[in-house]
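Engineer: Same order as they appear, the protein sequences are chains A and B.
Using this note's numbering, you'd call the opening residue of the first sequence number 1 and step up by one each time.
Using this note's numbering, you'd call the opening residue of the second sequence number 1 and step up by one each time.
By construction, these hints were calculated from the structure, which means they are not laboratory data.
Only a predicted model underlies this, so the values are computations on that prediction, with no experimental measurement involved.
Every residue, glycine too, gets a C-beta built ideally from N, C-alpha and C.
Do not take every clue at face value.
Now the in silico label distances, taken between C-beta atoms and shown as ranges [as the list claims (entries may be wrong)]:
#	chain 1	residue 1	chain 2	residue 2	range
1	A	157	B	151	26 to 32 Å
2	B	111	A	67	58 to 64 Å
3	A	222	B	143	37 to 43 Å
4	A	175	B	51	30 to 36 Å
5	A	211	B	78	49 to 55 Å
6	B	111	A	225	42 to 48 Å
7	B	141	A	174	37 to 43 Å
8	A	185	B	67	51 to 57 Å
9	B	29	A	157	16 to 22 Å
10	A	34	B	111	35 to 41 Å
11	A	26	B	138	53 to 59 Å
12	B	143	A	181	58 to 64 Å
13	B	66	A	198	55 to 61 Å
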Amino acid sequence: MADGGAVGAGATVRARLWDGPTRLVHWTLVILLGFSWWSAETDHLQWHRWSGYWVVGLVAFRLVWGFAGSASARFAGFVKGPAATLAYLKSLPRRTHDVVPGHNPLGAWSVLAILLILVTQTVTGLFAVDIDAFAAGPLSDRVDFDTGRLFAKWHHWSFTALQVLVVLHLVAVAFYLVYKRANLIGPMITGYNRFKTDPGLVFAPLWRAAVATVVAAGFAWWVSKGFRM
Amino acid sequence: MALKSITVALALTAGLALAAGAALAHEGHQGPPPKTPGGKAAWARHDNFKAQGAAFKAILDELKKDQPDQAVLTTNANKLKGTSTALPSWFPKGSGPESGVKTDAKAEVWTDAAGFAAASNKLQVEVSKFQQLATAGDVAGMKAQSRVVGGSCKGCHDKYRVPEKK
Numbered sequence: 001m002a003d004g005g006a007v008g009a010g011a012t013v014r015a016r017l018w019d020g021p022t023r024l025v026h027w028t029l030v031i032l033l034g035f036s037w038w039s040a041e042t043d044h045l046q047w048h049r050w051s052g053y054w055v056v057g058l059v060a061f062r063l064v065w066g067f068a069g070s071a072s073a074r075f076a077g078f079v080k081g082p083a084a085t086l087a088y089l090k091s092l093p094r095r096t097h098d099v100v101p102g103h104n105p106l107g108a109w110s111v112l113a114i115l116l117i118l119v120t121q122t123v124t125g126l127f128a129v130d131i132d133a134f135a136a137g138p139l140s141d142r143v144d145f146d147t148g149r150l151f152a153k154w155h156h157w158s159f160t161a162l163q164v165l166v167v168l169h170l171v172a173v174a175f176y177l178v179y180k181r182a183n184l185i186g187p188m189i190t191g192y193n194r195f196k197t198d199p200g201l202v203f204a205p206l207w208r209a210a211v212a213t214v215v216a217a218g219f220a221w222w223v224s225k226g227f228r229m
Numbered sequence: 001m002a003l004k005s006i007t008v009a010l011a012l013t014a015g016l017a018l019a020a021g022a023a024l025a026h027e028g029h030q031g032p033p034p035k036t037p038g039g040k041a042a043w044a045r046h047d048n049f050k051a052q053g054a055a056f057k058a059i060l061d062e063l064k065k066d067q068p069d070q071a072v073l074t075t076n077a078n079k080l081k082g083t084s085t086a087l088p089s090w091f092p093k094g095s096g097p098e099s100g101v102k103t104d105a106k107a108e109v110w111t112d113a114a115g116f117a118a119a120s121n122k123l124q125v126e127v128s129k130f131q132q133l134a135t136a137g138d139v140a141g142m143k144a145q146s147r148v149v150g151g152s153c154k155g156c157h158d159k160y161r162v163p164e165k166k
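My request is simple: use the sequences and hints to build the entire structure.
Structural biologist: Following this line, the structure appears as structure tokens:
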């Protein structure tokens, strides 16, 4: 749930809001979630596993980026306490839209919830075992058959939770678009938004994204090998 | 508060998933054991299939290793041979959905008896080959055959087992 844009009077300065890595992670996750869903439903478990490793890498990257990335991607910058969240919640019915250069306090919780459930989803998948014992996650040899089956069950439940969060996310984006006349989708594609004044966000240099990519990819690869070299 | 709570929350989720897995390691039967012959058979079948799955998984896990333990492979291949041979006897008439016991066996097991016999026979044939490869110590051959065995499990499940909720 991005927040950044008021089309209202005075919001005329076009400025950078989301960096490339954040947008790329977002849209790649959208594609991979669809692909993972489809490949599970159609029993393409080998593709499903590959898709899962990519999700592991992307989530790992986003977590690193939440600490070392650009200002609008950092958890410390957008995660607010209950008081600020409540205050923002109270302002929701107002049709005017206050520009927040980044995630608003409510959207921040949505980001965290989605990341948390993605971690749960991948962890349960790593240990899951299918009915025929043949299709299984790369860490399933650490648990017995019954436990692996339980992980598969949790993998299903966790996916339902993920679906709920995605629907909530879409409803929120639609709410901002229709009710508050704020388009959150455009900035997530282009990276730019209109502000009253340039918020002057600090963006992380490319080399840092490269380092984070190597770390995340290495981690995903290691996971896919079941933590064996 | 933000940074700390995020780290704690993330660690908690991962930890919880692992801890819950260890604590609830047994996905056992629910309720008291049934008294009818059909119910008893369905109950026993559930345990037998779990034993069969565990034996197959033990082989698959061993085959992943650089130096698979020959004894583990043969012991479990023998178990698999035993369970697959006995499998048709796990489905006596009256042990289907009508037994009153929660079972994932579809009525087609009995209404399409010939098809079910063919499917279980396919499993027996492929498991026999698998067991011979294990006895011969042919690890590469076992890896290839494990796909065929897995396929024959799946072939039967797709037709005669109630699909899992996804």
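Engineer: Regarding residue 222(A) and residue 143(B), is the given constraint of 37 to 43 Å on their beta-carbon distance met?
Structural biologist: violated (23 Å)
Engineer: With respect to the beta-carbon atoms only, verify the hint that residue 66(B) and residue 198(A) lie 55 to 61 Å apart.
Structural biologist: holds (58 Å)
Engineer: Quick one: are residue 157(A) and residue 151(B) within 26 to 32 Å, going by C-beta?
Structural biologist: Taking Cβ atoms as reference, residue 157(A) and residue 151(B) lie about 28 Å apart, which means the hint holds.
Engineer: Mind checking the hinted window 58 to 64 Å against the Cβ distance between residue 143(B) and residue 181(A)?
Structural biologist: holds (60 Å)
Engineer: May I ask you to test the hint 42 to 48 Å on the CB atoms belonging to residue 111(B) and residue 225(A)?
Structural biologist: At 46 Å between Cβs, range holds.
Engineer: If you check the beta carbons of residue 141(B) and residue 174(A), does the distance land in 37 to 43 Å?
Structural biologist: 57 Å Cβ-Cβ, so the 37 to 43 Å window is violated.
Engineer: May I ask you to test the hint 30 to 36 Å on the CB atoms belonging to residue 175(A) and residue 51(B)?
Structural biologist: violated (53 Å)
Engineer: Is the distance from the Cβ of residue 26(A) to the Cβ of residue 138(B) consistent with 53 to 59 Å?
Structural biologist: Once the Cβ atoms are compared, 48 Å apart, the range 53 to 59 Å for residue 138(B) and residue 26(A) is violated.
Engineer: Given a hint of 51 to 57 Å, does the C-beta separation of residue 185(A) and residue 67(B) actually sit inside it?
Structural biologist: holds (54 Å)
Engineer: Can you let me know if the beta-carbon spacing of residue 34(A) and residue 111(B) is within 35 to 41 Å?
Structural biologist: With Cβ atoms ~37 Å apart, the hint holds.
Engineer: Range hint 16 to 22 Å: satisfied by the CB atoms of residue 29(B) and residue 157(A)?
Structural biologist: Given about 21 Å between the Cβ atoms, the range holds.
Engineer: Residue 111(B) and residue 67(A), beta-carbon distance inside 58 to 64 Å?
Structural biologist: Given a distance of about 60 Å, which is inside 58 to 64 Å, the answer is holds.
Checked against the numbered hints above, the structure violates hints 3, 4, 7, 11; every other hint is satisfied.
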